[in-house]
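Residue numbers (numbering that gives the first Met the number 0), protein chains in the order written: chain A, 0 to 434; chain B, 0 to 307.
Quick caveat, the hints were computed from the structure, so don't treat them as lab data. Backbone N, C-alpha and C define an ideal beta-carbon position, used for all residues, glycine too. Among these hints, one or two may not hold up.
These stretches of chain B come out as covered by chain A in the derived footprint (C-beta under 8 Å, 3 or more residues) [stated by the list, open to error]:
1. 29-37
2. 132-145
Here are the computed lysine-lysine pairs in the DSBU-like style, where the Cα-Cα straight-line distance is at most 30 Å [said to hold, decoys possible]:
3. B/Lys151 / A/Lys271
4. B/Lys151 / A/Lys231
5. A/Lys63 / A/Lys325
6. A/Lys47 / A/Lys271
7. B/Lys151 / A/Lys268
8. A/Lys47 / A/Lys291
9. A/Lys50 / A/Lys84
10. A/Lys154 / A/Lys31
11. A/Lys325 / A/Lys31
12. A/Lys326 / A/Lys150
13. B/Lys151 / B/Lys186
14. A/Lys383 / A/Lys373
15. B/Lys151 / A/Lys291
16. A/Lys247 / B/Lys186
17. A/Lys28 / A/Lys326
18. A/Lys412 / B/Lys209
19. A/Lys434 / B/Lys209
20. A/Lys84 / A/Lys31
21. A/Lys319 / A/Lys84
22. A/Lys31 / A/Lys73
23. A/Lys28 / A/Lys373
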Amino acid sequence: MKIRKIAMLVFLIFLSLMIINPAQSFAQKEIKIGVILPLSGSLAPIGKSLKEGAELAAEIVNSKHPDLKISIAKWEGIPNLGGAKLKLIFADHRADPGWGADQAKRLIEDEKVIGLLGCYNSAVTKTASVEAERAGLPFINPDSTSPALTKRDMKWFWRVTPHETWFTADLFNFLDGLTKGKAGIKGISKKNLEPLAVAVENSEWGAASLAEIEKFAKERGWKIAEGIKYPKDAADLTSETRRMITSKAPTFLFASYLSDAVLFFKTMKEMKASPSLIWGQDAGFVEADFYKTLGADVNGVLTRDLFSAEMGKAKPVAGKLNEMYKKMTGYDFSGSSARDFVGVQVWAHALNEAKSTDPKALQAALNKLHIPAKELIMPWKGVKFGSPFPGDTNQNELGSGVINQYQGYPDGKLHIVYPFEFATSKMIYPFPGYK
Amino acid sequence: MSSIVHKGGLCCSSVLYPQNEPEMELAVELIIYGILMGLVFALIALGLSLIFGVMNIVNFAHGEFLMVGMYIAFVLASYLHLDPLFSLPVAALAGYLLGMMSYYLLIHHILRGPMVAQLFGTFGLMLFLRYLAMFIFTPDVRTIRQGILVGKTLSFAWMTFDISKIMAAGLSFLLFALVYIMINRTKLGRALRATSLDAEAARYMGIDTKKMNALAWGIGGATVAISGALLAHFYYVTPTVGMLFTLIAFATVALGGFGSVSGAFLAGIIIGLIMVLSGQFVSELKFTFIYLAFFLTVVFRPRGLFGW
Numbered sequence: 000m001k002i003r004k005i006a007m008l009v010f011l012i013f014l015s016l017m018i019i020n021p022a023q024s025f026a027q028k029e030i031k032i033g034v035i036l037p038l039s040g041s042l043a044p045i046g047k048s049l050k051e052g053a054e055l056a057a058e059i060v061n062s063k064h065p066d067l068k069i070s071i072a073k074w075e076g077i078p079n080l081g082g083a084k085l086k087l088i089f090a091d092h093r094a095d096p097g098w099g100a101d102q103a104k105r106l107i108e109d110e111k112v113i114g115l116l117g118c119y120n121s122a123v124t125k126t127a128s129v130e131a132e133r134a135g136l137p138f139i140n141p142d143s144t145s146p147a148l149t150k151r152d153m154k155w156f157w158r159v160t161p162h163e164t165w166f167t168a169d170l171f172n173f174l175d176g177l178t179k180g181k182a183g184i185k186g187i188s189k190k191n192l193e194p195l196a197v198a199v200e201n202s203e204w205g206a207a208s209l210a211e212i213e214k215f216a217k218e219r220g221w222k223i224a225e226g227i228k229y230p231k232d233a234a235d236l237t238s239e240t241r242r243m244i245t246s247k248a249p250t251f252l253f254a255s256y257l258s259d260a261v262l263f264f265k266t267m268k269e270m271k272a273s274p275s276l277i278w279g280q281d282a283g284f285v286e287a288d289f290y291k292t293l294g295a296d297v298n299g300v301l302t303r304d305l306f307s308a309e310m311g312k313a314k315p316v317a318g319k320l321n322e323m324y325k326k327m328t329g330y331d332f333s334g335s336s337a338r339d340f341v342g343v344q345v346w347a348h349a350l351n352e353a354k355s356t357d358p359k360a361l362q363a364a365l366n367k368l369h370i371p372a373k374e375l376i377m378p379w380k381g382v383k384f385g386s387p388f389p390g391d392t393n394q395n396e397l398g399s400g401v402i403n404q405y406q407g408y409p410d411g412k413l414h415i416v417y418p419f420e421f422a423t424s425k426m427i428y429p430f431p432g433y434k
Numbered sequence: 000m001s002s003i004v005h006k007g008g009l010c011c012s013s014v015l016y017p018q019n020e021p022e023m024e025l026a027v028e029l030i031i032y033g034i035l036m037g038l039v040f041a042l043i044a045l046g047l048s049l050i051f052g053v054m055n056i057v058n059f060a061h062g063e064f065l066m067v068g069m070y071i072a073f074v075l076a077s078y079l080h081l082d083p084l085f086s087l088p089v090a091a092l093a094g095y096l097l098g099m100m101s102y103y104l105l106i107h108h109i110l111r112g113p114m115v116a117q118l119f120g121t122f123g124l125m126l127f128l129r130y131l132a133m134f135i136f137t138p139d140v141r142t143i144r145q146g147i148l149v150g151k152t153l154s155f156a157w158m159t160f161d162i163s164k165i166m167a168a169g170l171s172f173l174l175f176a177l178v179y180i181m182i183n184r185t186k187l188g189r190a191l192r193a194t195s196l197d198a199e200a201a202r203y204m205g206i207d208t209k210k211m212n213a214l215a216w217g218i219g220g221a222t223v224a225i226s227g228a229l230l231a232h233f234y235y236v237t238p239t240v241g242m243l244f245t246l247i248a249f250a251t252v253a254l255g256g257f258g259s260v261s262g263a264f265l266a267g268i269i270i271g272l273i274m275v276l277s278g279q280f281v282s283e284l285k286f287t288f289i290y291l292a293f294f295l296t297v298v299f300r301p302r303g304l305f306g307w
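Take these sequences, add in the hints, and give me the full structure.
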């Protein structure tokens, strides 16, 4: 009888401790987060690299890595949730907004995830995040850049990456800087850089890129000779390339995913195009397959990006994590896969701050979250959600982009040429061309 | 302060291309580009048209046969270091065998089922081949970077063309001529046509219609695999590449007429021209124009331009 009483007492003490410290109830439990990415179709290569970025972050959160000088590497799970491990449940959205929304619903209802991460394609992020909003669950978006996404006044949607408005501002700061001789080379006369010829895929992201470029060109006084919206996954881009060449524009700007970017370059080579400067809006231009496929033809191409393997020179932790990623995948982090790494990191910090998986607690934690720059592999000042541009809601205010240039390929590296103060190499100008 | 001048596109200018480029020269150049691409589209569509003409079956896996041809060229060029031109006969043989196998192992059996089983059968074959390629080659995008004709150009007057596109167009022309002669001038071709017109009557006349069906699949597979090997000279290779070309091939076959060799030839060129010329003016609508042509043909001339 006495033993029974003692056992009951121990049980009650244990129960009360559980109530006082809810983290204990999560001990060794798993926290399911749904990750929706393009894992099949023409975007499958990038989807694979995004998945690997997210997986590496989850692995670092879940196990100890004392050699890494960031908080999540010391945690072995979420500390304030009793060391609960992150479990990522992946779903393929096939770059289809309708299918993406279905996957979000499935993850919420069937897999019982506590929130979502994704979806890379802005159009899919738009529809999938609506499902999270309806369910009242957090949706963290590390990798979609259509400015419209954070202008919907949503309460359950947080975007970690900077959006197109930033990147386009970076582009025009860079072009203006070139005319002032800031890129380590002699100043380039503006008449040798304009007009601009722009080709974008006809999607929400592409159209938004073109609209932003037109807006900034107008504000900064740059002429545009061509603004082409082509159907994505094109069978042929002959006429579009011809239009860019005949416009006599010395600067070509692109917003294309991998397959179209490759086709554009093959067609430009066929037509012996020789613009002085080529800049790509991330996406296909930062894919490993872009330089693997085109080899030395990429030399001199500039791409808006968020990461470079060279970042390790400025941020040792970025170099170390990139080494781990490369060991795991065989290639360097891209700006996209590095952002998905950060996406999982944001989830981990939010869970730790919230001390709970309750949606309301997570919402409050995300709204107050501040991750300092030293925790990140990106060249950002940190992560803090706010309204950096008019109309933005829950947009990271502390992000920024870089402009990289392919140099010395096929065995070369992406070098940072902008921000000018972080440049790791002298810029190649003009673009060597295909004559 | 600034000026944004679109010299093309839906919205703005009456200037369609810069005035320093003579319009006639540009038009000629674009028409040639359109014909070159059109001949490649035509060759891709030829097999689809033949199979439909003979058996009334839509082969949804047609684009995957194309993808197989492309990977054969890629593997021979990248791993065995053979010139991709050598891949043409290999692709032809592999495509022929793939077509034959598809018929004997799948189509022949599902013919006994309802129409919907036939549709889903080739759809299943499409998915099987696509995901098998994804397993073997990963979803990575690849291109052939070395070869006698790869990346080589030919300059003529003010124009520059990719020699591999010229070769692809020339071979397409040749293959069309051969298939046309085979179908219209040989005993085998007459048997094929008889099977397509009335399989039962053909059987009564002693024609082995099963063999004819298999032959249509074999020829269809061979021609599309060759077009894949040709396309790989100047286009990227990935497991999902077939989808886009299948849609174009469907539009080509509907426009030219189901089962018509000469129809596929002419329709391919028309589609190539629509794609290149519309891309010059309103790029975002170029597929709309192609499918508009497809739609109008289906509505006003359901048998297509030359359908039987």
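Evaluated hints:
no.	hint	verdict
1	29-37	holds (count 3)
2	132-145	holds (count 8)
3	B/Lys151 / A/Lys271	holds (11 Å)
4	B/Lys151 / A/Lys231	holds (26 Å)
5	A/Lys63 / A/Lys325	holds (19 Å)
6	A/Lys47 / A/Lys271	violated (33 Å)
7	B/Lys151 / A/Lys268	holds (9 Å)
8	A/Lys47 / A/Lys291	holds (16 Å)
9	A/Lys50 / A/Lys84	holds (17 Å)
10	A/Lys154 / A/Lys31	holds (21 Å)
11	A/Lys325 / A/Lys31	holds (26 Å)
12	A/Lys326 / A/Lys150	violated (39 Å)
13	B/Lys151 / B/Lys186	violated (41 Å)
14	A/Lys383 / A/Lys373	holds (14 Å)
15	B/Lys151 / A/Lys291	holds (20 Å)
16	A/Lys247 / B/Lys186	violated (57 Å)
17	A/Lys28 / A/Lys326	holds (29 Å)
18	A/Lys412 / B/Lys209	violated (58 Å)
19	A/Lys434 / B/Lys209	violated (55 Å)
20	A/Lys84 / A/Lys31	holds (9 Å)
21	A/Lys319 / A/Lys84	holds (23 Å)
22	A/Lys31 / A/Lys73	holds (20 Å)
23	A/Lys28 / A/Lys373	holds (29 Å)
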